Each structure stands twice: as structure tokens, then as C-alpha cells.
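As given, the protein sequences belong to chains Z and P, one line each in that order. With the first letter of the first sequence counted as 1, position 90 gets the number 90 in my numbering; the numbers rise by one all the way through. Whatever position you read off the second sequence (first residue = 1), add 1000 for my numbering.
In short, the hints are calculated from the structure, not lab data. If you're wondering where the values come from, they're calculated on a predicted model, not measured in any experiment. All C-beta atoms in this analysis are idealised placements derived from N, C-alpha and C, irrespective of residue type, glycine included. A couple of the hints might just be wrong.
[To be verified] Covered by chain Z, according to a simulated footprint, are these stretches of chain P (three or more residues, beta-carbon under 8 Å): (1) 1081–1091; (2) 1098–1109.
[What the hints assert, rightly or not] Here are the simulated lysine-lysine pairs, DSBU-like style, with alpha carbons at most 30 Å apart: (3) P:LYS1096 / Z:LYS100; (4) P:LYS1096 / Z:LYS71; (5) Z:LYS57 / P:LYS1081; (6) Z:LYS100 / Z:LYS14; (7) P:LYS1081 / Z:LYS100; (8) P:LYS1096 / Z:LYS11; (9) P:LYS1108 / P:LYS1081; (10) Z:LYS11 / Z:LYS57; (11) Z:LYS57 / Z:LYS71; (12) Z:LYS57 / Z:LYS100; (13) Z:LYS100 / Z:LYS71; (14) Z:LYS57 / Z:LYS14.
Each chain, written out:
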Amino acid sequence: DTGVSQDPRHKITKRGQNVTFRCDPISEHNRLYWYRQTLGQGPEFLTYFQNEAQLEKSRLLSDRFSAERPKGSFSTLEIQRTEQGDSAMYLCASSFYRDKETQYFGPGTRLLVL
Amino acid sequence: GQSLEQPSEVTAVEGAIVQINCTYQTSGFYGLSWYQQHDGGAPTFLSYNALDGLEETGRFSSFLSRSDSYGYLLLQELQMKDSASYFCAVWVVGNKLTFGGGTRVLVKP
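With the hints as constraints, model all of the structure from the sequences given.
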């Protein structure tokens, strides 16, 4: 297993369009997190799954954002009606339940909304 | 709410020792983590402290004082490859991780 993977790595879209990102965690990891990071800032928590259950969602996350992890493996993050303020790096991380504080991050998807 | 404070930038020469302090104010705290991130790269886990005291892993050590809401990351025998951003992050009840703004470490020859 080569680690957490994310697809696509880069996405350019026009304001108002919908975008969807995919994250494939390390295979035995049951916890999966989504973060957003803007330049010069630390990652900001968006949401968290344990297996297929979405257990936490940031209050900062508007209704335009939705995430799924239907079979407890890969996850998708969708942003509807994108805005220029959504431009950021979207990071996915996973961890194993026995060592949940050790998160392994994927390379991220860089989104640019024009 | 939660807040974390860490210096924005630190500069040191190769072979030196750097200490990055982190103070936090949060409810439901149960642990402090440190991550390293090179420009253009993903954050990489360095350490996790749940109890007071010092944890040592090679050239890097991390310290936590829960009573002072304070921790630090110690980088020893600095190498050029240590030039990166370092983030402290607090774990709170609900298994949420909140990151600080990061400290940019620049290592000079």
C-alpha cells in the first residue's frame, strides 16, 4: 500500500460549477478526515468519518459542501455552486483505530475557482 | 472556541537547536500533535503527546504541559532538509484536530 491518494490533484473550475474530489485512504484505516488549507494557514477541519458513518462536521462548512464514504473505504467531497472563496487545497487524511492520533495525509487536491 | 499560538517564523543555522513553542486555549483537550509540511507537500505526522512530559524521536522531541496549556517541538542538529512549516495541533473531544497557523523554519548553511 502506497499511502493515501487523492484525485484529481488539481482542479480549475468556473464559479457556480459543482466539483467532486475523491480520497482513497490506506486500506486498513477506518478513520478518514477532510481538511481545507489556504496559503500560509494550517489545515482546517471539515469533516470526519469512522467507517461509513460521518461523525463530525465543521460548523464552518456550508450546505454547499457534502461528503460521503458509502462503503467505508474511499470518500468523496462535493462542493456545489463553487465560489471564489472555495479556492484552496483540500486534504484528506486517514488513521487506524488503534493509533487514531497518527494521521496520514494525502497529497491534496488544489482547487482554483475562477 | 479554540485558539493556538505559535511563532510565525524561525531562522537558524545548520547544526543548531530550535524550539517552537505552542500555547493553546481549548475545551475538551486530550492531546497535542506536531506535523511537518514542506512547501507543496502534505503534512507529515511528527509526534503526539497525551501526557505531560517529553517524547523523543530521533532528532525531534515534543513536550507537553497540560496545566500550562503549553507544548513545544525541539529540533536538534538542524539539517537543510528541516526547512519547512511546523504545525502544532490540538485533539479535542469528538476526535477533531485543530491546527495552529504554523511556524516556518528556515535553516541556513
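Cross-check of the supplied hints:
For a cut-off of 8 Å, the count of residues in the region 1081–1091 of chain P with a CB near a CB of chain Z stands at 3, and the three-residue condition holds. Taking a C-beta to C-beta cut-off of 8 Å, the region 1098–1109 of chain P contributes 5 residues in contact with chain Z, enough for the three needed, and the coverage statement holds. The suggested pairing of P:LYS1096 with Z:LYS100 holds, with an alpha-carbon distance near 11 Å, which does not exceed 30 Å. Taking the CA atoms of P:LYS1096 and Z:LYS71, the gap is about 22 Å. The hint holds against a cut of 30 Å.
Distance restraint check for Z:LYS57 and P:LYS1081: the Cα-Cα separation of roughly 35 Å exceeds the 30 Å cut-off, and the hinted pair is therefore not satisfied. Distance hint between Z:LYS100 and Z:LYS14 is unfulfilled; the C-alpha atoms sit about 37 Å from each other, more than 30 Å. The straight-line distance between the Cα atoms of P:LYS1081 and Z:LYS100 is roughly 27 Å, inside the 30 Å bound, and the hint therefore holds. About 27 Å separates the Cα atoms of P:LYS1096 and Z:LYS11, which keeps this hinted pair within 30 Å; it holds.
Between P:LYS1108 and P:LYS1081 the alpha-carbon distance is near 10 Å, which keeps this suggested pair within the 30 Å criterion. In summary, the hint linking Z:LYS11 to Z:LYS57 is supported, as the alpha carbons are separated by about 23 Å, within the 30 Å threshold. Under the criterion of a C-alpha separation no larger than 30 Å, the hint pairing Z:LYS57 with Z:LYS71 is consistent with the structure, at around 19 Å. With a C-alpha separation of about 18 Å, the suggested pair Z:LYS57 and Z:LYS100 falls inside the 30 Å cut-off, and the hint holds.
Distance hint between Z:LYS100 and Z:LYS71 is fulfilled; the C-alpha atoms sit about 20 Å from each other, no more than 30 Å. For the given pair, Z:LYS57 sits about 26 Å from Z:LYS14 by alpha-carbon distance, which is consistent with the 30 Å threshold.
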